[in-house]
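Here's the letter readout for the chains.
10 protein chains.
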Amino acid sequence: MIGKLEAGELIAAERARREVSWREISEAIDKPLLWTIAALLGQHPVGREDAEKVADLLDLDQATVDALRRQPYRGTTEVVPTDPTVYRFYEVLQVYGGAIKEAIHEEFGDGIMSAINFKIDVERRLDPEGDRVVVTLDGKFLDYRW
Amino acid sequence: MIGKLEAGELIAAERARREVSWREISEAIDKPLLWTIAALLGQHPVGREDAEKVADLLDLDQATVDALRRQPYRGTTEVVPTDPTVYRFYEVLQVYGGAIKEAIHEEFGDGIMSAINFKIDVERRLDPEGDRVVVTLDGKFLDYRW
Amino acid sequence: MIGKLEAGELIAAERARREVSWREISEAIDKPLLWTIAALLGQHPVGREDAEKVADLLDLDQATVDALRRQPYRGTTEVVPTDPTVYRFYEVLQVYGGAIKEAIHEEFGDGIMSAINFKIDVERRLDPEGDRVVVTLDGKFLDYRW
Amino acid sequence: MIGKLEAGELIAAERARREVSWREISEAIDKPLLWTIAALLGQHPVGREDAEKVADLLDLDQATVDALRRQPYRGTTEVVPTDPTVYRFYEVLQVYGGAIKEAIHEEFGDGIMSAINFKIDVERRLDPEGDRVVVTLDGKFLDYRW
Amino acid sequence: MIGKLEAGELIAAERARREVSWREISEAIDKPLLWTIAALLGQHPVGREDAEKVADLLDLDQATVDALRRQPYRGTTEVVPTDPTVYRFYEVLQVYGGAIKEAIHEEFGDGIMSAINFKIDVERRLDPEGDRVVVTLDGKFLDYRW
Amino acid sequence: MIGKLEAGELIAAERARREVSWREISEAIDKPLLWTIAALLGQHPVGREDAEKVADLLDLDQATVDALRRQPYRGTTEVVPTDPTVYRFYEVLQVYGGAIKEAIHEEFGDGIMSAINFKIDVERRLDPEGDRVVVTLDGKFLDYRW
Amino acid sequence: MIGKLEAGELIAAERARREVSWREISEAIDKPLLWTIAALLGQHPVGREDAEKVADLLDLDQATVDALRRQPYRGTTEVVPTDPTVYRFYEVLQVYGGAIKEAIHEEFGDGIMSAINFKIDVERRLDPEGDRVVVTLDGKFLDYRW
Amino acid sequence: MIGKLEAGELIAAERARREVSWREISEAIDKPLLWTIAALLGQHPVGREDAEKVADLLDLDQATVDALRRQPYRGTTEVVPTDPTVYRFYEVLQVYGGAIKEAIHEEFGDGIMSAINFKIDVERRLDPEGDRVVVTLDGKFLDYRW
Amino acid sequence: MIGKLEAGELIAAERARREVSWREISEAIDKPLLWTIAALLGQHPVGREDAEKVADLLDLDQATVDALRRQPYRGTTEVVPTDPTVYRFYEVLQVYGGAIKEAIHEEFGDGIMSAINFKIDVERRLDPEGDRVVVTLDGKFLDYRW
Amino acid sequence: MIGKLEAGELIAAERARREVSWREISEAIDKPLLWTIAALLGQHPVGREDAEKVADLLDLDQATVDALRRQPYRGTTEVVPTDPTVYRFYEVLQVYGGAIKEAIHEEFGDGIMSAINFKIDVERRLDPEGDRVVVTLDGKFLDYRW
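Going line by line, the protein sequences match chains A, B, C, D, E, F, G, H, I and J. Residue numbers for the first sequence follow this note's numbering, beginning at 7 and rising by one. Residue numbers for the second sequence follow this note's numbering, beginning at 7 and rising by one. Residue numbers for the third sequence follow this note's numbering, beginning at 7 and rising by one. Residue numbers for the fourth sequence follow this note's numbering, beginning at 7 and rising by one. Residue numbers for the fifth sequence follow this note's numbering, beginning at 7 and rising by one. Residue numbers for the sixth sequence follow this note's numbering, beginning at 7 and rising by one. Residue numbers for the seventh sequence follow this note's numbering, beginning at 7 and rising by one. Residue numbers for the eighth sequence follow this note's numbering, beginning at 7 and rising by one. Residue numbers for the ninth sequence follow this note's numbering, beginning at 7 and rising by one. Residue numbers for the tenth sequence follow this note's numbering, beginning at 7 and rising by one.
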């Protein structure tokens, strides 16, 4: 038996070694790109059929397939991320977290953006002064309701 | 002398008491909404003219204007945010942080989304199943370059 | 200007000094008991009319009323609660958190109990071997949905 | 020799792989559902007979049975839970912990809800606006008594 | 309004300044010594009559009496105590915590010593090799009972 | 080579499996009960003869005997204990730590209870309202002496 | 009496309000720029004459001068800096700390760069692709010597 | 499969055992010294050709080469470094972090030194009073730009 | 009423302002130098006569004298010291803590150096290669004794 | 390949098992006692000849010798030591850290005791009231010098 995070590291390494892109995998299982990566890294359960397609693509063993299919314990053990690519999003939260909260309350009233009924996308926007990373967070508004 | 965070709390309270919206303030100083809120909460320095316009709108004293104009020490003292509206964004980072990183590297190569050459917006998207909060993070890609 | 937590401490102290029960206050504003206490301690915004009724009951000043009405930054600064009455609920999470998660997934599928579309109640159940505290958490199920 | 948490992970994985529900297991050993899950995840000692019934159901080896039977060191190493399904209960504590404490003191006097003489249940309540997760915590009141 | 911990510090300082012993105070209100000290430091609510007797003894004002009477939020903000006299008890827990747990389970079965239905005493035991501090913790056994 | 904590876990598991009580072991080596448990869990060095007697009783190998005999690095890696049976003693420290300190200073002057020249015992006291766990900490008083 | 950090905040605010640059101050007291800023922010003791010159420039009172002259308790209470301008240097340490250590050992042998016999400078280097911040750390090598 | 940090430890150990200097390795792959060390310790991805050259030099197996080539998760798990050679740089940040920030803002305006478009060098400067370690951080200035 | 740490800061500032050395104070009260500084900074209770002598020397008010005389809650709130002069002693513990422990056990058997029956001194040792700080810790050996 | 800390644990265990004292080892390699213990526990690099002498004495394999010879990453992962023998030194720092700092500044001026150009010794001082552990820290004074 192997854990889901361990399975995720194996998949990421195997994918790199074989030079299979995440996009190819997401197309093979016909799922959104970000969902696919998150799921294969261990943050979502993967359906049987999809897990087996990924296993075929990357030649994974049954224990890895079993791990993919299990319900995850989501999140990481890192409180503040050290990796610069991830840290910048934590920094955005440090600098703009209060402003996002105020903007949501002003536009919608007291409530939150759901992180469950939620999707996320990462896109490249061409720009002559340097291309831009555009990340869109899209979650249902949930109002505080007793 | 008062600090920038203290000034931010005063402004937020005064704005609520007078029922002046953040959007009205942002329009009065002709700046983007999220920038305006972040700046008035103490996360950006505010130019003299803008600080004085805000002071007029909310009847702030000179010490608060001085605080607005100073260069901030950005961020908060909270490592993991406790407020649910803010926490959901931390949760997004816990669940999707690894996937965002992989997607950036696959699309752009080794590098980061800048959080400095950066803008953010919060919008309402109408949806019959419940309106949605759409947050767009838009930062210049910076590649690791020695 | 005073903060919401400070206002909450003032109200709790004043309530005790005057021997006004939380239940009397909740009936005066016709709101559920637990909502009322949480709101007056600073965890929910209180409507103008309700804030003024509470101010009349406890002879609060305008700054406290303003604080009650403001949008809260929810949560506390305490990571692990030290008070024994509160700690027992943290202990329940330490001991039964994993089991609650499994039971939700088995009964509902992959998702969570909302803490926003949510209500809570505390009741006394008579029992000859010693009365029991019965706390009911009641939140909408939200399934992971992309 | 394997530890109780390791045994719990094995059982959870094996249960998922064989598509045996926690409810089926709890019925096989005639114990409440939540107690059963908690115990098999390593939070309670399991009696010899029950441990062997579970071993038969899931084809566990003797070392796992021994682990089930041992007295646990309860709790987890995670101070703030990262998994969203578990985190929501921590959030409830952050937002309503103070109110629960006040309500217990007002109704019962100075004391606590026991987490030892205690039971917990998770139920589905049908609701046309979306079914609800109802978690009932039921513990004996213990008053501070010298 | 002053907080209970602040009131506790005032009382401790006033007591020292006036050279009134804790024992004299505990005798004046006819309560056990350790209960008295803990309560006056802010860890237990003090009844009206007792609070007023202490106020007379130490010439405390009404705000301090009000604070004494309020329900406490128990515990301190210190995770690991730095004061050597207190730290030794934390060290005892580090070194003997596991052994105490095993001894309780062996003698009583699965359960705990209550810290609520509980009393504590500190005594001096004469000893020719150096007098000894004898601390007795005495709590009701509570067995895990569903 | 195995570590002392690992040896302690092995001994605890083996003892449970063979249904040998800690008391039987402590009698076999003619040492106090609490000392014996603490030592076998890895918190004290065990003499050669005693280590071998325990090895005979529980059929331990030489590496475990070597581990028992080594000088320990005492304590655990857990800052706040999560296990409820152990936590209650941490809670006692949170609630009564200040009172214990004051009582020691009043009775003995400025100093501490030694945790080195120290013994501890756990006893059952019969009580018609429920038996009680009585833990006695008994350490030499050490006064601050330059 | 005011503390050195408080004095530093006052000076920084006053300097900004009066639009006096750090460089002008450093030239007025004829000290290196970085030393001057660090010292005025409370990280070095300032000599009497220099403290008085700064007081004249910024119209500081005697308590601030006294604070400047005292020996500092150096450092800040922030373990991981949240401000982006400061964080990048922490990130450099996270990413290149190990490499710096290896390079020092290879070039000098076992030892360290002193942070006491040390100077630091920040310069602008013109660059057509965007000017560069060049920070030079210059400390005496100290070899491990018994 | 082995991780990048594990690969880095293997390379560092192997390099020491064979007495191959980091400089020799950096010259073999024609890359700057600090970049080379950081990359081989696991902080940068290494191109195929370079990874194979290093593998030849140090007789590394294919799994280590694969690890070198993968995209890193940068940073370490250590929040405050304990090693004295590394700690001195953390101390520099504690003592001079605020001054560096002020100097950057005065010279360049509101912004940061990039740690991505960035290079670092460590040099020996001869000095009759003891040679000096000179570390140069050289990063592009990025101004806050919405 | 003022606290002991606050009193300590006042005394340290006043001493510096008046250019009275710690040694002069220690001679005035005829106590060892290190004991005197520690006590005046709030780490030991000071006798009435000594407190009054210090008050005369530095012109302290009665509240400060009362604070000096009270029993301290020893230690600081800083877990890892940031000040370089203090940090070096923490570093010594990180690097040599294990060796000190082994040396004590080899020379004395299982036990500790008391930090209560303890004295400390700081001396200057002249040395042509640079004078040396010699700190002597001198504590009674306490053996583990049940 | 084994790490230096792992090698240190092996050596400490082997030394105990064979009843070879640290002093015997230090004499065999003709190095000071404390340096020897620290180095063999992994805190200093050991020269080839010395490493081989130790290997002969304790019958260590080549991987352990290689580990001894490597440059260490110094320090431990423990922020506050739990072992009582080590903790007392941390306590000394908590109680006397401020006093040591003041004494150094008064005697030497602004600066530190080096922990690099440094030696330490542990001695037994006979005393009729109980022998004493005398630890001498002896480091070069380094003054703050730009």
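Worth flagging that the hints you see were computed from the coordinates, not collected in a lab. No residue lacks a Cβ here, since even glycine has one placed at the ideal position from N, Cα and C. Take these hints with a grain of salt, some might be off.
[Said to hold, decoys possible] EDC-like cross-link-like pairs, simulated, lysine to aspartate or glutamate; straight-line CA separation at most 20 Å:
#1 J/K125 with G/E58
#2 B/K125 with A/E129
#3 G/K37 with J/D149
#4 C/K37 with A/E129
#5 D/K125 with C/E58
#6 E/K125 with F/E58
#7 H/K59 with H/E84
#8 I/K37 with J/E112
#9 J/K59 with J/E84
#10 I/K125 with J/D62
#11 A/K125 with A/D149
#12 J/K37 with G/E58
#13 J/K125 with I/D72
#14 D/K37 with D/D137
#15 H/K59 with H/E112
#16 A/K125 with B/E135
#17 C/K125 with D/D149
#18 J/K125 with J/D149
#19 E/K37 with F/E113
#20 B/K59 with B/E20
#21 G/K59 with G/E84
[Stated by the list, open to error] Just a sample of chain E residues kept apart from chain C, beta carbon distances all over 10 Å, derived:
#22 M7
#23 G9
#24 S27
#25 G53
#26 D72
#27 A73
#28 R75
#29 R76
#30 P78
#31 R80
#32 V86
#33 A121
#34 D133
[What the hints assert, rightly or not] Sample of chain J residues at the chain E side, in silico, Cβ under 8 Å:
#35 T83
#36 V86
#37 T88
#38 P90
#39 Y93
#40 E97
Structure-based check of all given hints:
The suggested pairing of J/K125 with G/E58 is violated, with an alpha-carbon distance near 42 Å, which exceeds 20 Å. The suggested pairing of B/K125 with A/E129 holds, with an alpha-carbon distance near 15 Å, which does not exceed 20 Å. The suggested pairing of G/K37 with J/D149 holds, with an alpha-carbon distance near 18 Å, which does not exceed 20 Å. With a C-alpha separation of about 46 Å, the suggested pair C/K37 and A/E129 falls outside the 20 Å cut-off, and the hint is violated.
Between the alpha carbons of D/K125 and C/E58 the distance comes to roughly 41 Å, so the proposed pair goes past 20 Å and is violated. Among the hinted pairs, E/K125 with F/E58 is inconsistent with the structure: their alpha-carbon atoms are about 41 Å apart, more than 20 Å. Taking the CA atoms of H/K59 and H/E84, the gap is about 31 Å. The hint is violated against a cut of 20 Å. At roughly 17 Å between alpha-carbon atoms, I/K37 and J/E112 fall within 20 Å of each other, so this suggested pair holds.
Note on J/K59 and J/E84: the hinted pairing is violated, with a Cα-Cα distance of about 31 Å set against a maximum of 20 Å. With a C-alpha separation of about 41 Å, the suggested pair I/K125 and J/D62 falls outside the 20 Å cut-off, and the hint is violated. Taken as a hint, the A/K125 and A/D149 pair is honoured in the structure, with Cα atoms around 19 Å apart against an allowance of 20 Å. Proposed proximity of J/K37 and G/E58 is contradicted: the alpha carbons are some 53 Å apart, above 20 Å.
For the given pair, J/K125 sits about 41 Å from I/D72 by alpha-carbon distance, which is inconsistent with the 20 Å threshold. For a cut-off of 20 Å, the pair hint linking D/K37 to D/D137 is broken: about 26 Å separates their Cα positions. The hinted pair formed by H/K59 and H/E112 fails the criterion: a straight-line CA distance of about 45 Å is larger than 20 Å. Of the supplied pair hints, the one linking A/K125 and B/E135 holds, its CA atoms being roughly 15 Å apart against a limit of 20 Å.
The straight-line distance between the Cα atoms of C/K125 and D/D149 is roughly 26 Å, outside the 20 Å bound, and the hint therefore fails. The straight-line distance between the Cα atoms of J/K125 and J/D149 is roughly 19 Å, inside the 20 Å bound, and the hint therefore holds. Proximity of E/K37 to F/E113 is assessed by CA-CA distance (about 17 Å); at most 20 Å being required, the pair is judged to hold. Between B/K59 and B/E20 the alpha-carbon distance is near 15 Å, which keeps this suggested pair within the 20 Å criterion.
Taking the CA atoms of G/K59 and G/E84, the gap is about 31 Å. The hint is violated against a cut of 20 Å. For E/M7, the non-interface assignment is contradicted: its Cβ lies about 5 Å from the closest Cβ of chain C, within the 10 Å cut-off. Non-interface call for E/G9 relative to chain C: violated, since the shortest CB-CB distance, roughly 8 Å, does not exceed 10 Å. The beta carbon of E/S27 is kept farther than 10 Å from every beta carbon of chain C, the shortest such distance being approximately 28 Å.
For E/G53, the requirement that its beta carbon stay farther than 10 Å from each beta carbon of chain C is met, with the minimum near 13 Å. Separation of E/D72 from chain C is inadequate, the least Cβ-Cβ distance of about 5 Å not exceeding the 10 Å criterion. For E/A73, the non-interface assignment is contradicted: its Cβ lies about 8 Å from the closest Cβ of chain C, within the 10 Å cut-off. With a minimum CB-CB distance of about 7 Å to chain C, E/R75 fails to clear the 10 Å threshold, and the non-interface call is violated.
Not every C-beta of chain C lies more than 10 Å from that of E/R76, the closest at about 5 Å, which undercuts listing it as non-interface. At the 10 Å boundary, the C-beta of E/P78 falls inside the reach of chain C, the nearest C-beta of that chain being 8 Å off. For E/R80, the shortest C-beta to C-beta distance to chain C comes to about 5 Å, within the 10 Å cut-off, and the non-interface label is violated. With a least CB separation of 13 Å from chain C, E/V86 remains clear of the 10 Å interface cut-off, as annotated.
Residue-level check failed: E/A121 sits 7 Å from the nearest beta carbon of chain C, not beyond 10 Å. Look at E/D133: its CB is around 34 Å from the nearest CB on chain C, clear of 10 Å, so calling it non-interface holds up. Interface hint at J/T83: violated, since its Cβ lies 16 Å from the closest Cβ of chain E, which is beyond the 8 Å cut-off. For J/V86, the suggested interface contact is upheld, since its CB lies about 6 Å from the closest CB of chain E, less than 8 Å.
A least Cβ separation of about 5 Å between J/T88 and chain E falls short of the 8 Å threshold, and the interface hint therefore holds. A least Cβ separation of about 6 Å between J/P90 and chain E falls short of the 8 Å threshold, and the interface hint therefore holds. Interface hint at J/Y93: satisfied, since its Cβ lies 7 Å from the closest Cβ of chain E, which is below the 8 Å cut-off. Interface restraint check: J/E97 against chain E, minimum CB-CB distance 6 Å, threshold 8 Å, status holds.
Checked against the numbered hints listed earlier, the structure breaks hints 1, 4, 5, 6, 7, 9, 10, 12, 13, 14, 15, 17, 21, 22, 23, 26, 27, 28, 29, 30, 31, 33, 35; every other hint is satisfied.
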